[in-house]
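K.L.:
Mind assembling these two chains? They're in different frames, but the hints should get you there.
Chains as they are written, first to last, in my numbering: chain A, 1 to 321; chain B, 1 to 301.
Only true hints are included.
Lysine-lysine pairs mimicking DSS-like chemistry, simulated, CA-CA at most 25 Å apart:
| hint | chain 1 | residue 1 | chain 2 | residue 2 |
| --- | --- | --- | --- | --- |
| 1 | A | Lys128 | A | Lys212 |
| 2 | B | Lys145 | A | Lys69 |
| 3 | B | Lys145 | A | Lys268 |
A few chain B residues that don't get close to chain A, going by computed Cβ distances all over 10 Å:
| hint | residue |
| --- | --- |
| 4 | Asn68 |
| 5 | Asp70 |
| 6 | Leu89 |
| 7 | Leu90 |
| 8 | Val97 |
| 9 | Arg210 |
The set of hints was computed from the structure by calculation and includes no laboratory data.
What you are looking at is a predicted structure, and each value in this text was computed from that prediction instead of being measured.
Note that CB positions come from ideal geometry on N, CA and C, so glycine has one too.
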Amino acid sequence: MSLMPQTSLPPAADAPAEKSAPPARSLRVRRLSGRDRLVLGLMVGVPTLIQAVLVWIPTLLSVGLSFMKWNGLNLADIRPAGLSNYTYAVQDYPPFWPAVAHNIIWLAFLALVATPIGLLLAVLLDQKIRGTRLYQSIFFAPVMLSMVMVGIVWQLVYARNEGLLNNLLGTAGTPGAVDWFGDSGVNLWAALVATTWRHAGYIMVLYLAGLKGIDPSLREAAAIDGSNAWQTFFRVVLPAMRPINIVIVVITIIEALRAFDIVYLINKGTNGLELLSVLVIQNLVGVGQVIGVGSALAVILLLISLGPIVYYLVRTFRRAD
Amino acid sequence: MTATATTAPATGRPGAGDRPRRHYGTHLFLIAMAVMWLVPLLWTLYTALRPKAATDKYGYWSLQGPINLDNFTGAWTQGGMATYFGNTLLISVPAVVLTLALSSMMAFAVSRFTWKFNLTLLVLFTAGNMLPPQVLAAPLFEMFKHTPLPYSISSSGTLLDTYYAVIAVEVAFQMGFCTFVLANYMKALPGSLTEAAQVDGASVWQQYSRIIMPLSRPALAALGTLEVIWLYNDYFWPLLFIHSGDRLPITTGVTNLQGQFLLDYNMIAAGATITVIPTLAIYLALQRHFVAGLTLGASKG
Numbered sequence: 001m002s003l004m005p006q007t008s009l010p011p012a013a014d015a016p017a018e019k020s021a022p023p024a025r026s027l028r029v030r031r032l033s034g035r036d037r038l039v040l041g042l043m044v045g046v047p048t049l050i051q052a053v054l055v056w057i058p059t060l061l062s063v064g065l066s067f068m069k070w071n072g073l074n075l076a077d078i079r080p081a082g083l084s085n086y087t088y089a090v091q092d093y094p095p096f097w098p099a100v101a102h103n104i105i106w107l108a109f110l111a112l113v114a115t116p117i118g119l120l121l122a123v124l125l126d127q128k129i130r131g132t133r134l135y136q137s138i139f140f141a142p143v144m145l146s147m148v149m150v151g152i153v154w155q156l157v158y159a160r161n162e163g164l165l166n167n168l169l170g171t172a173g174t175p176g177a178v179d180w181f182g183d184s185g186v187n188l189w190a191a192l193v194a195t196t197w198r199h200a201g202y203i204m205v206l207y208l209a210g211l212k213g214i215d216p217s218l219r220e221a222a223a224i225d226g227s228n229a230w231q232t233f234f235r236v237v238l239p240a241m242r243p244i245n246i247v248i249v250v251i252t253i254i255e256a257l258r259a260f261d262i263v264y265l266i267n268k269g270t271n272g273l274e275l276l277s278v279l280v281i282q283n284l285v286g287v288g289q290v291i292g293v294g295s296a297l298a299v300i301l302l303l304i305s306l307g308p309i310v311y312y313l314v315r316t317f318r319r320a321d
Numbered sequence: 001m002t003a004t005a006t007t008a009p010a011t012g013r014p015g016a017g018d019r020p021r022r023h024y025g026t027h028l029f030l031i032a033m034a035v036m037w038l039v040p041l042l043w044t045l046y047t048a049l050r051p052k053a054a055t056d057k058y059g060y061w062s063l064q065g066p067i068n069l070d071n072f073t074g075a076w077t078q079g080g081m082a083t084y085f086g087n088t089l090l091i092s093v094p095a096v097v098l099t100l101a102l103s104s105m106m107a108f109a110v111s112r113f114t115w116k117f118n119l120t121l122l123v124l125f126t127a128g129n130m131l132p133p134q135v136l137a138a139p140l141f142e143m144f145k146h147t148p149l150p151y152s153i154s155s156s157g158t159l160l161d162t163y164y165a166v167i168a169v170e171v172a173f174q175m176g177f178c179t180f181v182l183a184n185y186m187k188a189l190p191g192s193l194t195e196a197a198q199v200d201g202a203s204v205w206q207q208y209s210r211i212i213m214p215l216s217r218p219a220l221a222a223l224g225t226l227e228v229i230w231l232y233n234d235y236f237w238p239l240l241f242i243h244s245g246d247r248l249p250i251t252t253g254v255t256n257l258q259g260q261f262l263l264d265y266n267m268i269a270a271g272a273t274i275t276v277i278p279t280l281a282i283y284l285a286l287q288r289h290f291v292a293g294l295t296l297g298a299s300k301g
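This is chain B alone, in the form it adopts within the complex (with noise of 0.2 Å):
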């Protein structure tokens, strides 16, 4: 998302000449703009760094006061935030893979090949992913709810309270959007890539995982940076279907933090804040993905 620098400012637009008095109106209301996107955020940071005795002693509008880390110790530590953490990485690294792996399938038998069902299909696809996840959660809950396991795998006796169950729906809801991204990306590709291979004898599952999928490497990493993202950032299906407190995930594991701690709001920005840090790590490392992956599903519309 840098500036297209290598556009000369040829655009050949008039009065270039005051370019540069619009440009100072333009910095001041994007410094105010941008001053009040980051307030929130670095309130937040700031009310985590001071111990609670600081700010019940001079307020929270206030500079007094120490400044220091014990927040954070304490909300991992009281909170638990490692276990929701460990409960994150068990439910998003099998849901990331799963939903890549089905989703090119599908998205590769789509839109290279012909045959009666893969317009219909794709569009069913699509529109599964659009649906308000409440729509589904009444017949979704009871489905789990009625179908028995056995103890040994869930304490529950059924799927609820598992993570196969957010697992499953993470999956089936996510598979939408990224099959229709990738069906899209795929097409793209030139058909002679396969039809060579297929004279050349390579069976569908060689043009699969030799040729498509290794030149479908753009759109599976930002598909997959996107995933990552969304689904840590996931609250309502593990909200739906997990009810044992030490199994939630961290988004949703992080609001019984303000239950846990009820008025001390550093405690709970420090949680907010640890929270934060992984998303915005992903961010820094991988925006580029992050915003090729969103622009990939709307581009094409």
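Bound conformation, chain A alone (with noise of 0.2 Å):
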């Protein structure tokens, strides 16, 4: 698709209309009045504008107040500081290497346990069983819902003496009842059992989706190979859904790097729920509003997010050429 400039492009009038369901061809902007150019400069310039302006210009901030010296009163008290931001935030800073394990804990836990329950029960569903509908409106019912609900829903699962799960446990009241979203030792699970609730569903929407794209034919020709449904599924489904498994690996990671607000929700990401995203944000608004600090902190929350999204551009787009 001529989504780049081609020199080589044939004049519009060349090709007959009729030719089986061309592809949308760009036209060139050369041969557009002044009127319609200024009309398509505006389209493109405005949502330019406003994407650079508050986007990618504060991306850039970002990496240029991590080397100052801030405390985000008056602009005039801008210091370079050098490296220090880095150095303190990685060698003094003592939630950073506990956020940076709880962010690996996180993706670790949604791409072995979340992702692979979404992908179950998208192959479950997929099958031709009865009140496949029910199932699947039930499974995606948390996907509507924000992590902030999320968070308020499983707390009244989780509440020590009132919540569900200690009832069922027969522990409530008692002193052995756990507090699931307290306890430094639990909670980052409680948190994660929470968001498998959410992030199943959703995964399970993109793999039918995916599932249904996959021509039968394929099934066929591997069960007449003799393959078993194990071996039609991993050496001949999952590889036919390889678009769809490149976005579902860059959602997983993506939301790993993203998780906030079920954190901030339970007690503002402390007490053993410390996230690189989190810790961004303590310093920006915390009583020493060490802006230099946090924006270490997101630039290096930027470094790791790049990773999947520039694999992720550059598979994109390099099939659009």
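P.N.:
Right under this line is the structure:
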């Protein structure tokens, strides 16, 4: 598809209009009238300006501020700080390494538990079984909820004496009752279970769409060649869903890096729930307003995020050429 | 997302005879999972329907005591939820309209015309949408804090604590995703449509508004549904920019109920249920569009 400017592009008039559903061929801007060019310029210019001012420039400013010392009050007080914000964050800032560890656990849990559950549900529901639509609606319902609502709903399940879980376990009201969101030994896992409740439904919907796109003849061919259901799925169906697999890998990584709302709701991301995203905000709005340190943490988060983002963009747009 | 009932059972899997038994196991598993998925929601609803006096007396794990809507009226009036809902409307309606308008124009320009930087811009738009919002938080916060506004417009004298700030950032952040999806959709529309119009002397604006936009209605409906839910559910940007409690939108504001009602879980559950109702209503009414929107974005990967 001609997304890239092509010098060899034939004039539009040469192409017969009836030619078997031709894809949109881009018109060249040069052949437009002055007024049309102005309209087109505004159509591109206004969104690009908004995007530049509110997304790209702030990203660059984050990088810039990470090398500065500033309390956020007076613009004249910004002082260069070299790498000191980074060395402080990595060496002296106590919650940094726990946050990194928690982000890694978060990613591992999503990748090894939540996403496979979503895939499993999609595979089971893709079969012609009764009530598949009802099941799908049930598993998908939490996807409509914000992570804040997920947190509040699970708070009611996890509460020490009032919650459902401890009542089911029979520990509610006894000294042995676990405060699932409060105890730093378990709250990360409790938050991950709540997150999985939402994430799995999301993955299920994406995989259901992917499975519908699989050519049935692929399965037939595999069956004729004597492969069992297990082999057919892992050797034929899953590889054929490669484009959606890539999206899901990227979504899983990005979601793990973006995790914020639920831990901030539970206890502002402290006491066992530190995450990089939360540390950025704690340094920004906290008492000290150490914007330089917050920005250094933001840049570390940015650099990690760029991995999956660039991978996704390369995969997506290389094919579009 | 209905099952593809059209595909005949002739997918030719071997051993079709033992399939009913396999499905029996599948149903057992799915029912167990479905119960696990529903229990937190049903528990919330049940807690919300019981007066605090009843749960104090019998415990939360009990069936005794009356069932009524007192907590709902309590949470609605004492929690000031009407204000939060109003604020959500004030933010999300302009934000969704602006996002769709701007991203459809951008998508139209990059997908239907060839010029130098359109791929670069599309890549940058898509990338911007994928960043963790916290990466931009500090500079945006400081930019808004140092942008003076007359006190007649903003009580803080800056862009902080205004809806403009939240709307602008929501639009900028959502535009990347919508542009990406719409550009893919518009690229797939036959080129002959606009070429013919061009020959007939239609201007660029007419091609956009009379040809491409009407044809993109399915994609716009899907994205519109998705964006309404996402903006309704957004927690972070209002948390960062809005500091007056009475200006918070519902998702950020509802967390105040936890502090306000402290250990009154019944009231918190009622507030949560009220907050979930609009999303579930949209979900039930527009499920098809919502799912289409999610998969539109992903299937092009």
